[in-house]
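> Could you slot chain B onto chain A? The hints should help.
Going down the list, the protein sequences come from chains A and B. With the working numbering applied, the first sequence closes on residue 206, and no number is skipped along the way. With the working numbering applied, the second sequence closes on residue 206, and no number is skipped along the way.
Treat the hints as calculated values from the structure; they're not laboratory data. Glycine is no exception: its CB is placed at the ideal position from the N, C-alpha and C atoms. This list has only true hints and no planted wrong ones.
Simulated DEER-style distance windows between Cβ atoms: (1) Q197(B) to A30(A): 26 to 36 Å; (2) A61(A) to K200(B): 22 to 32 Å; (3) A90(B) to P101(A): 45 to 55 Å.
This is what each chain is made of:
Number of protein chains: 2
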Amino acid sequence: MPADLIENALALASFSPSVGYSQPWRFVRVSDPARRAAVRESFLRCNQAALANYEGERAELYARLKLAGIDDAPVHLAVFCDMETGVGLGLGRQTMPEMLEYSAAIACHTLWLAARVYGLGMGWVSILDPIEVKKTLEVPEPWKFIAYLCIGFPEEEHMDPELARHNWEQYRKPDVLER
Amino acid sequence: MPADLIENALALASFSPSVGYSQPWRFVRVSDPARRAAVRESFLRCNQAALANYEGERAELYARLKLAGIDDAPVHLAVFCDMETGVGLGLGRQTMPEMLEYSAAIACHTLWLAARVYGLGMGWVSILDPIEVKKTLEVPEPWKFIAYLCIGFPEEEHMDPELARHNWEQYRKPDVLER
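Looking at chain A on its own, in the form it has when it is part of the complex:
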C-alpha cells in the first residue's frame, strides 16, 4: 500500500472537530513484529473470554465472525486520547470531561471515512485489554487507549454491515422522543 494514502487519511482525520479545539487524538503506527504479536495475543485471549458469553448457535456464529484484521492488515494504527492536554484550555469540558474521549473517538470515525475515500477499509478492534495494549506500545502515561485500527484494501466490498449480513443483529429504525 502506498505510504502516502495513510499520511493523507491521517491529515484529513486531523481536521476532525474536537471539544474546545483540543485535538486530543494521538496516533501510533504499530510495525514492530513483537508488538504486533503481543496485541494479537491480547485479542485472542479477550476473544476467547467473550466467546464464553454465548451458547449454542450464537457461540458458533460468534466463532465464525471476522472480528479483527490483525493477521492481514498491512497498517496497524492505535489511537489514544491525551487526557492531560492543555490545548483548548478546557473549553467545553468542565461539566462533561468525557467530551475529550468523544473527540478522539470521532477522529477515528473521520479517519474511517477518509480511508474509504482512498478505497481503503478499516476495522476498529475493541476486543482487547486496554492496559495490555498501552503497556505493549509504551505510550505516555496520560494517554488513554481509544481504538486499534486495522487498515488495508478490503478483500470484499459490501453495502450492508457485516453483522447484519451474518444475522448477528439487524438494523433498528430509531424512534425520536418528543419533549
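Chain B in isolation, oriented as in the chain A frame:
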C-alpha cells in the same frame, strides 16, 4: 425549516457504525418552551462557572465567543446512549464498555455531516449539567446524556473553525508515533 430535513438527517445518522451493531443512540427532540428554558438556564449557569476559570484577555475572549445556539436554533435535539441496550448482544464491548458511548458520539458526528449535506449547521453544546438535562427531559433511567445539538441554517458560512478564527486555539499537525 422543512421538517423532512431533520427526518432525513436523522435517518442518515442511524446508518452510523456502532460497536456490535448495537445502535445505542436515542434521539429526543426538545420543543416545549419550558424545557428549552430549563436547558438554557443550565447552560447559562455552567457557562458562568466556566468563565471563572479564565483571567484578563482570555476571560474577555471567552465571554465574546458564541458557545451555544440555544436562543436561535429552530431545532433542539438531545442525544442519549442507552447503557442497558441488549442490541448487539454485547459484542465488542466486554473489555471496552465505553465503546457504547463512543458509538453514540460517532452518531452525533454522522448527524453533523448529514446536516451539512442539507445546508444545515449544527452546534454541539457540552456546557451543560448532564444530570439537570436528563431530569428536564424525563428520559429513561439507563440513558446517558451524550450531546445537546442546536440545528438550523447557519447565519454565516466559514471554512475555518470558529475557535481558530477568534484566536482561542490553533490547528496542530499531529505527530505519528512509530512503534
